[in-house]
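Just need the whole structure built from these sequences, with the hints factored in.
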Amino acid sequence: MRKIIVLSFVSLDGVMQAPGGPDEDKSGGFKYGGWTASYVDEVSGKVMKKQMEPADLLLGRKTFEIFANYWPEHADYWPGINEVTKYVVSRTMKKSDPIGWKNSVLLKSVADIKKLKNQSAGRQGSKGSELKVWGSGELIQALLKNDLVDELCLKIYPLTLGKGKKLFASGTIPAAFTLIESIATPGGVIVANYKRAGKIKTGTMGA
Numbered sequence: 001m002r003k004i005i006v007l008s009f010v011s012l013d014g015v016m017q018a019p020g021g022p023d024e025d026k027s028g029g030f031k032y033g034g035w036t037a038s039y040v041d042e043v044s045g046k047v048m049k050k051q052m053e054p055a056d057l058l059l060g061r062k063t064f065e066i067f068a069n070y071w072p073e074h075a076d077y078w079p080g081i082n083e084v085t086k087y088v089v090s091r092t093m094k095k096s097d098p099i100g101w102k103n104s105v106l107l108k109s110v111a112d113i114k115k116l117k118n119q120s121a122g123r124q125g126s127k128g129s130e131l132k133v134w135g136s137g138e139l140i141q142a143l144l145k146n147d148l149v150d151e152l153c154l155k156i157y158p159l160t161l162g163k164g165k166k167l168f169a170s171g172t173i174p175a176a177f178t179l180i181e182s183i184a185t186p187g188g189v190i191v192a193n194y195k196r197a198g199k200i201k202t203g204t205m206g207a
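So for the sequence shown, this note's numbering puts the first residue at 1; every next one is plus one.
Hints may contain errors.
Said to hold, decoys possible - Here are the computed distance ranges between Cβ atoms for each label pair: (1) Lys-49 - Gly-203: 32 to 42 Å; (2) Asp-23 - Ala-142: 22 to 32 Å; (3) Ala-175 - Asp-23: 17 to 27 Å; (4) Asp-41 - Lys-199: 55 to 65 Å; (5) Ala-68 - Lys-145: 20 to 30 Å; (6) Ala-169 - Arg-196: 17 to 27 Å; (7) Gly-80 - Gly-203: 40 to 50 Å; (8) Ala-142 - Gly-80: 23 to 33 Å; (9) Tyr-32 - Ile-183: 19 to 29 Å.
Stated by the list, open to error - Here are the simulated EDC-like pairs of lysine to aspartate or glutamate, each with C-alpha atoms no more than 20 Å apart in a straight line: (10) Lys-3 - Glu-53; (11) Lys-49 - Glu-181; (12) Lys-195 - Asp-150; (13) Lys-3 - Glu-151; (14) Lys-165 - Glu-53; (15) Lys-195 - Glu-151; (16) Lys-50 - Glu-138; (17) Lys-199 - Glu-138; (18) Lys-117 - Asp-147; (19) Lys-102 - Glu-83; (20) Lys-201 - Asp-147; (21) Lys-114 - Glu-138; (22) Lys-114 - Asp-150; (23) Lys-49 - Glu-151.
It should be emphasised that the hints constitute simulated quantities derived from the structure, not laboratory data.
Where a beta carbon is used, it is the ideal one built from N, C-alpha and C, also for glycine.
Following this line, the structure appears as structure tokens:
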């Protein structure tokens, strides 16, 4: 079975919209695109380098289109990006549409994602059986709703944005996670990796 890992930049109030640049996603009148830029340092650079190691990608349509318009010409910054398989999940794209990025595969539904997850491994050259999800807010909601997220790799930034697309929105199910790794950057960004850990346990706090 393949592991689905969600990697997300998130503000203290849970916003994940347009972390990379002013023109990334202005939908809903969002005006703070590029809110992660001032926190880049040597530590965060090393974290990103590790997270960008070759692995197959699972992307929503909007993120896929942004990536497809940029990364094929900038593969020196993301080694292996053109060689790994890119799975794009979309209800509106057609298999006959020219996807325009080599090693790209169209998925149409949650059932297709489940079928992919049940496979044993990815293409040669990718990292084992991992499927990494970048951006792709609507896709993440579908994955959380259907309990398909194995790990959350969150970069939590020390700011609030007030409005914007949230990482955890409607459809998120109750679920427990275990912290497996964490680090704080000099700029105050907390990098926290969580692994799915069964059901929520409740109780009473005592002295």
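Task: Violations among the numbered hints, reported as their numbers in ascending order - done: 3, 4, 14, 16, 17
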